[in-house]
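Trainee: In the order they appear, the protein sequences are chains A and B.
Residue 1 is where the first sequence starts when you use our numbering, and the numbers rise one by one after that.
Residue 1 is where the second sequence starts when you use our numbering, and the numbers rise one by one after that.
Hint data in this document are derived by calculation from the structure and do not stem from the laboratory.
Model, not experiment: these values are computed from the prediction.
Keep in mind that a hint or two might mislead.
No copy is singled out in the list; a pair is fine if it fits within one copy or between any two copies.
[Claimed, not checked] Simulated crosslink set (DSS-like; lysine-lysine; CA at most 25 Å straight-line):
#: 1; residue 1: K159; residue 2: K33
#: 2; residue 1: K123; residue 2: K159
#: 3; residue 1: K54; residue 2: K34
#: 4; residue 1: K54; residue 2: K94
2 protein chains.
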Amino acid sequence: MPTMYDASVPTITRALQNYIRVLEKGAAYAEAKKIEPSVLVTSRLFPDMLPLSKQVQIASDVSKGGAARLAQVEPPKYEDNEATFPELIERLRKTIKFLETLKPAQFDDGSRTVTFPTQGESKTLPGSSYLYTRVLPNVFFHCTTGYNILRHNGVEIGKGDFLGPVEG
Amino acid sequence: MPTMYDASVPTITRALQNYIRVLEKGAAYAEAKKIEPSVLVTSRLFPDMLPLSKQVQIASDVSKGGAARLAQVEPPKYEDNEATFPELIERLRKTIKFLETLKPAQFDDGSRTVTFPTQGESKTLPGSSYLYTRVLPNVFFHCTTGYNILRHNGVEIGKGDFLGPVEG
Chain A
1 MPTMYDASVP
11 TITRALQNYI
21 RVLEKGAAYA
31 EAKKIEPSVL
41 VTSRLFPDML
51 PLSKQVQIAS
61 DVSKGGAARL
71 AQVEPPKYED
81 NEATFPELIE
91 RLRKTIKFLE
101 TLKPAQFDDG
111 SRTVTFPTQG
121 ESKTLPGSSY
131 LYTRVLPNVF
141 FHCTTGYNIL
151 RHNGVEIGKG
161 DFLGPVEG
Chain B
1 MPTMYDASVP
11 TITRALQNYI
21 RVLEKGAAYA
31 EAKKIEPSVL
41 VTSRLFPDML
51 PLSKQVQIAS
61 DVSKGGAARL
71 AQVEPPKYED
81 NEATFPELIE
91 RLRKTIKFLE
101 TLKPAQFDDG
111 SRTVTFPTQG
121 ESKTLPGSSY
131 LYTRVLPNVF
141 FHCTTGYNIL
151 RHNGVEIGKG
161 DFLGPVEG
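Bound conformation, chain A alone (with noise of 0.2 Å):
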């Protein structure tokens, strides 16, 4: 049976693989048209809502945070400061570090509570319920939002590029 582990960090780190590669089809068709790239970087698809640039940062804290809960150990903290592709980039390859570090060991079989903030409040879940009503939904949700922020951009990703070759 897949351990808690197994279905938190290999999921997680493959997300954040296959989103640099997004990223970097982005940097090279803002290069390829003559865009500046910051304008794809702080590219949102509704007034209200988070640019591309903020999708990864939160991309990144869900990741961290999430796996870090599980493991029973402190993320560390970034200070949310990229502005380019090569920074964000380079925070996802920072975040999937920071992920190799974790040991199975350090996590249990999903019975462990685990206490999380959520929309200002602090909520206890059994960790099994977080890995699978919270930190993979939310993980997800945000690499599929900075994926359509490009897409709606013009670049030329498809969802291949999302869910990356099929492998073991």
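The hints should help you fit chain B onto chain A, whose structure is shown.
Mentor: Using the frame of chain A, we list chain B on its own:
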């Protein structure tokens, strides 16, 4: 340890229930703003991207197809003829009803292989890899993209609608 059933059926069911709530808000917005609902149902984020109706149909397909392959049963076939909010909501309700027919005993420990079509090819993966690298990312991708299409058109939805209430 969460089983393959726990990791798939309730997670996907919940994503589709949240999607129904998002679509209901889209329908209410069209009515309140006197927008022809088909404008939203056929809306896209880019001309060569799939419209909202197709995002919902594919979310249904990857949900029922993914869970059915893991349970080694045939998924139901639907006609893809939904063209209104009520029809799209009904499509998701039917999909949830199918998921409810699956029993934990039909699932294994994730080692059984699964063969699935992707981009015109047939691929095989262990069930656990299939779930974490294909099914869950795919389900959340199409739920988020439908959400983003409505958000882009001004529907007042937030991530709380996408994630649903905190509950174990």
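Trainee: With reference to the structure, classify each hint as holding or not holding.
Mentor: Structure-based check of all given hints:
1. In this assembly of identical chains, the alpha carbons of K159 and K33 lie at most 25 Å apart only when taken from the same copy (22 Å versus 32 Å across copies).
2. With identical chains, the CA atoms of K123 and K159 are at most 25 Å apart between copies only, with a shortest distance of 16 Å across copies and 33 Å within one.
3. For the homomeric pair K54 and K34, the shortest alpha-carbon distance inside one copy (23 Å) is at most 25 Å, but the shortest distance between copies (33 Å) is not.
4. Proximity of K54 to K94 under the C-alpha cut-off of 25 Å is restricted to the intra-copy arrangement: shortest distance 16 Å within a copy versus 36 Å between copies.
Comparing the model with each earlier hint shows no violations; every hint is respected.
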